[in-house]
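Novice: So you can see what is in the structure, the chains are spelled out below.
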Amino acid sequence: MTQTLPTGSAVAIPSALEIRDLVVRYGRGRKARNATPAVDRVSLDIAPGETVGLVGESGSGKSTIGKAVLGLQPPTAGTVRLHGTDITQTSLKQRTKLAADLRVVFQDPYSSLNPARTIGQTLVEPLRLLGVGGAEAMQRARKALESVGLPADAADRFPSQFSGGQRQRIAIARALVCDPKVVVLDEPVSALDLSTQAQVLNLLADLRDRSDLAFLFIAHDLGVVRFLAQRVVVLYRGQVMESGPVDAVTLRPRHPYTVALTAAAPVPRPAEQAARRQAREALGVGTAGAASPAPTGCPFVPRCPLATDVCVAERPPLRLVAESLTACHHAEQVPAL
Amino acid sequence: MSVLPLDAADDVSTEPVPPTQRRRGLPAALRRPGPVLALGWLLLVVLLSFAAPLWRPYDVNDQDLAHRLAGPSGAHWLGTDPLGRDLLSRIFTAGAQPLLSAALTVAVAFGIGIPLALIAAERGRRIEQIISRTTEILLALPSTIILLAVIGVIGVKTYLVMAVLGVLISAAVYRVMLGVAQSVRQRLYIDAARVNGLGSLRVNVVHVLPAMATVIAVQAAQLFGIAILINAGLAFLGFGPSEPQPSWGTMIQDGSGHVYDAPWLLVPTGVVLALTVVAANVVADALAGRGPRQRSAARRSATSAPVRVVDGTPADPRNVLEVRGLTVSVDGGSALVSDVSFAVQPGRVLGLVGESGCGKTMTARSLLGLLPDGVSVSGGEILWQGRDLVGLSEKQANAVRGREIAMISQEPMVALDPMFSIAYQLIQPIRRFRDVGRGEAEEIAGRLLRQVGIVDADRVLKSYPHQLSGGMAQRVAIALALTGQPELLVADEPTTALDVTVQAEILSLLRALVRDTGLSVVIVSHDLGVVADICDDVVVMYAGQVVESGRTAPVLDDAAHPYTMALLGANPHVPDGEPMPTRLASIPGTVPAPGSWPTGCRFAGRCQFTQDRCTVPFPALPAHEDGSVLCVRVHEIHDAGVSWHAEPVGAETVVGVDHALSTGSTAASLPTQTSGVSS
Numbered sequence: 001m002t003q004t005l006p007t008g009s010a011v012a013i014p015s016a017l018e019i020r021d022l023v024v025r026y027g028r029g030r031k032a033r034n035a036t037p038a039v040d041r042v043s044l045d046i047a048p049g050e051t052v053g054l055v056g057e058s059g060s061g062k063s064t065i066g067k068a069v070l071g072l073q074p075p076t077a078g079t080v081r082l083h084g085t086d087i088t089q090t091s092l093k094q095r096t097k098l099a100a101d102l103r104v105v106f107q108d109p110y111s112s113l114n115p116a117r118t119i120g121q122t123l124v125e126p127l128r129l130l131g132v133g134g135a136e137a138m139q140r141a142r143k144a145l146e147s148v149g150l151p152a153d154a155a156d157r158f159p160s161q162f163s164g165g166q167r168q169r170i171a172i173a174r175a176l177v178c179d180p181k182v183v184v185l186d187e188p189v190s191a192l193d194l195s196t197q198a199q200v201l202n203l204l205a206d207l208r209d210r211s212d213l214a215f216l217f218i219a220h221d222l223g224v225v226r227f228l229a230q231r232v233v234v235l236y237r238g239q240v241m242e243s244g245p246v247d248a249v250t251l252r253p254r255h256p257y258t259v260a261l262t263a264a265a266p267v268p269r270p271a272e273q274a275a276r277r278q279a280r281e282a283l284g285v286g287t288a289g290a291a292s293p294a295p296t297g298c299p300f301v302p303r304c305p306l307a308t309d310v311c312v313a314e315r316p317p318l319r320l321v322a323e324s325l326t327a328c329h330h331a332e333q334v335p336a337l
Numbered sequence: 001m002s003v004l005p006l007d008a009a010d011d012v013s014t015e016p017v018p019p020t021q022r023r024r025g026l027p028a029a030l031r032r033p034g035p036v037l038a039l040g041w042l043l044l045v046v047l048l049s050f051a052a053p054l055w056r057p058y059d060v061n062d063q064d065l066a067h068r069l070a071g072p073s074g075a076h077w078l079g080t081d082p083l084g085r086d087l088l089s090r091i092f093t094a095g096a097q098p099l100l101s102a103a104l105t106v107a108v109a110f111g112i113g114i115p116l117a118l119i120a121a122e123r124g125r126r127i128e129q130i131i132s133r134t135t136e137i138l139l140a141l142p143s144t145i146i147l148l149a150v151i152g153v154i155g156v157k158t159y160l161v162m163a164v165l166g167v168l169i170s171a172a173v174y175r176v177m178l179g180v181a182q183s184v185r186q187r188l189y190i191d192a193a194r195v196n197g198l199g200s201l202r203v204n205v206v207h208v209l210p211a212m213a214t215v216i217a218v219q220a221a222q223l224f225g226i227a228i229l230i231n232a233g234l235a236f237l238g239f240g241p242s243e244p245q246p247s248w249g250t251m252i253q254d255g256s257g258h259v260y261d262a263p264w265l266l267v268p269t270g271v272v273l274a275l276t277v278v279a280a281n282v283v284a285d286a287l288a289g290r291g292p293r294q295r296s297a298a299r300r301s302a303t304s305a306p307v308r309v310v311d312g313t314p315a316d317p318r319n320v321l322e323v324r325g326l327t328v329s330v331d332g333g334s335a336l337v338s339d340v341s342f343a344v345q346p347g348r349v350l351g352l353v354g355e356s357g358c359g360k361t362m363t364a365r366s367l368l369g370l371l372p373d374g375v376s377v378s379g380g381e382i383l384w385q386g387r388d389l390v391g392l393s394e395k396q397a398n399a400v401r402g403r404e405i406a407m408i409s410q411e412p413m414v415a416l417d418p419m420f421s422i423a424y425q426l427i428q429p430i431r432r433f434r435d436v437g438r439g440e441a442e443e444i445a446g447r448l449l450r451q452v453g454i455v456d457a458d459r460v461l462k463s464y465p466h467q468l469s470g471g472m473a474q475r476v477a478i479a480l481a482l483t484g485q486p487e488l489l490v491a492d493e494p495t496t497a498l499d500v501t502v503q504a505e506i507l508s509l510l511r512a513l514v515r516d517t518g519l520s521v522v523i524v525s526h527d528l529g530v531v532a533d534i535c536d537d538v539v540v541m542y543a544g545q546v547v548e549s550g551r552t553a554p555v556l557d558d559a560a561h562p563y564t565m566a567l568l569g570a571n572p573h574v575p576d577g578e579p580m581p582t583r584l585a586s587i588p589g590t591v592p593a594p595g596s597w598p599t600g601c602r603f604a605g606r607c608q609f610t611q612d613r614c615t616v617p618f619p620a621l622p623a624h625e626d627g628s629v630l631c632v633r634v635h636e637i638h639d640a641g642v643s644w645h646a647e648p649v650g651a652e653t654v655v656g657v658d659h660a661l662s663t664g665s666t667a668a669s670l671p672t673q674t675s676g677v678s679s
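Line by line, the protein sequences give chains A and B. For the first sequence, position 70 matches number 70 in the numbering used here, and the numbering has no gaps at all. For the second sequence, position 56 matches number 56 in the numbering used here, and the numbering has no gaps at all.
All the given hints hold, so there is nothing to weed out.
Just a few of them, taken from the derived set where beta-carbon distance is under 7 Å, the chain A residues facing chain B:
| hint | residue |
| --- | --- |
| 1 | 95 |
| 2 | 106 |
| 3 | 112 |
| 4 | 114 |
| 5 | 146 |
| 6 | 147 |
| 7 | 151 |
| 8 | 193 |
| 9 | 195 |
| 10 | 199 |
| 11 | 227 |
| 12 | 260 |
| 13 | 264 |
| 14 | 267 |
Since the hints were derived computationally from the structure, they do not count as laboratory data. Here the structure is a predicted model, which means the values were calculated and not measured. Beta carbons: idealized from backbone N, C-alpha and C, even for Gly.
In isolation and in its complexed conformation, chain A is listed as follows (with noise of 0.2 Å):
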């Protein structure tokens, strides 16, 4: 997977975030080396104030990707640069000065915040550590909260003292108090109900609008990245699968797993939803973790209706088909699905 993504005019700037030829295995030694990656030669850009959805199933290598480039997992190989700057090597203790540029919004909003700690002593952490002064710190904590829609007093509380969905904005204030560049959103509103889910994918909807925060967006719901990305990377066993402008892949996707990953999300409108079914049901998409692929072709083949014996001796490169680039030899005829 040598090309690069297509950015557009943001060639000429450099990316807000640059992932080349990400590998990441996990565990050490020979066991490593003989163990399926746990992702496998990913490329992707954002540009300055983009939103990039990262959307897989369990298992697709969405989250290590996360870990990689906030520099909780190791990669195996590959760069990943931040506005330039080569970040792959530079260890968590190296990241002080960086931390403020590269923030992260967990997707558990129970355990992302310290229990034991009040709401302005989590908001303020970071900026001590960037040496900014006790009272000013504490003034940018109240900003933030007052930015993610929480009054100014929040700081003073502990975090027991408010519901999912506003210690998730209080995750999303803790994010913004240094005004960072890319903001790794790792599943954001999975943990929320529904409306308490549409309520921070607003925030994050505004936030976005708002200023040239770069968002690395990792769901395993087509639907809310349709609703907040530009442009969506579809995983699938650690490899893309397809990537492009969202409404392309989501609405006329191009990859099979792609077909079978927006055909599997249920709509609430019982009749529309009974025609999907149907739909689905007659793809032929065999079933979840029925066998391991071989490593030499497409991960995909063991489920794949399309599947022939080039599939199974050679991985597809990604390629552009249409809109978007798409990892699969029969992509000319998956419209067919």
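Here the structure of chain A is known, so what remains is to put chain B in place on it, guided by the hints.
Specialist: For chain B alone, kept in the frame of chain A given last:
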């Protein structure tokens, strides 16, 4: 959401109380009579021992030879020893040394064990294994012999010996602390702190150690008791302070020599020593939350429930299950579910939907009599084939569970025991429920697995739960639920933990089972897409009551209740061909907690269409064929043709904007009087 509910009591069940709240006064765990007495005793012993020179009635070596081996008297409250010395004075003069040296043992053990555990938890597998193997060697050494050897080399230096004991015990402390530290490090706030750039030492001191405080306190209290015993034991063997210096061990040894002629001599010292050790353990138990508990309230109510005589005739003879006015409450407390009614017909699927905290899981669990401790059905009827399930004894309920009504849960692994093969777990209930022999049961197990869409049934039968993927495990859990040939399956969020493609497969499987076997299903879900996919009927719940119900198609396509409208508007899966809205519909605030439900409409505080009259109680209106809707303004809203509107762009970043008050373009046509009620 922008207005912070100051008294929001939601999520009470999900979070432990932060330690800061415990710090005020005595920790809650210690505020029961047992621990208070124990703590009081320990304090008393410490005080009396260290202040002994100030208050003791006699010097330790004052001999009253006229009263040797005397019992308690006015002159000597606890009696005297063989040399006529006052026991009370001697016991507490001797106390300082065991207390101090036990504290030293604890300090040394924790001073070594905790840092090692923190390092091992942080540095990854290799370092952890090196440290763990080293401590295992330490654990393998016979500590008594080592202590005696140390005494042989350095002589009777109690504090040094007890410090060596601390080193030996540190290995055990390390093992306990490692497990705790590793689990604390899994929490996301540790990752968040690391992303902040916080150094390793500060991550440990600020974030990891405070989370370990309770375990450390428990271990310390327990260890303190053990160290006092060992200290006394050493003195008993003659490795303590030598005569005439008093010590608990030597005094007990003295007593044991006079068991026949002066049995009292053993009592005072023995009681003080035993009480001190027991007190340390009671405190440890209380901190760990292991103290004696009250008898389970659920069991109490189950045994005392009066026999109920109800009219068991269902309203519709086709109804296999009819729930009428069901109310579920915390025993002696507030209701969690109030006045819920619905019916299920054979071969149909009913969905219970709503946000978390709306009572849908409680409703589902009450169908099986599986409510948590301290929660019980306090009103209404659950008519199962004409029989009321409310108030059944545990034995009667067991006869229904599994055989007539079965359940699958969100986490399929919960239903499966990791220690046994799938075959074993299926064959046991098949033999019990169907009264067949082993061979036949095996055959049925294979057939069940094929029925739930498992192709290689033979391989799956031989495997263990951890070898299955999530989707496969849920299929096995469904097969397990089918072993008793139930007529009703209660499925609590059966696909929430699964990937979306696997969810679609499981829903197809459930639909096939309903079609082929005539099974009825009650499915709990928060996803209206799942409801649209599989349910024939739907019951929308909010704050413990039914707000809208009826056939799925009219309820979802033509929602009448504002809450249902809002849930539909919050769903980002827009119809094919429609553009994605710039903002989604959302509901401000949170679901009110049980006990703080308002009179009148419980949704009024968060609704876009609230008027003054919404605060007055009103009855449910018929809607959607057999269904109902609980909204006093339903006709006006319907006639005005409005729906729940999404919030304006930018609203979420403004503090204090109440979305219920902001007027959007769609709702402007409908007169609203939001001044009366607002969240």
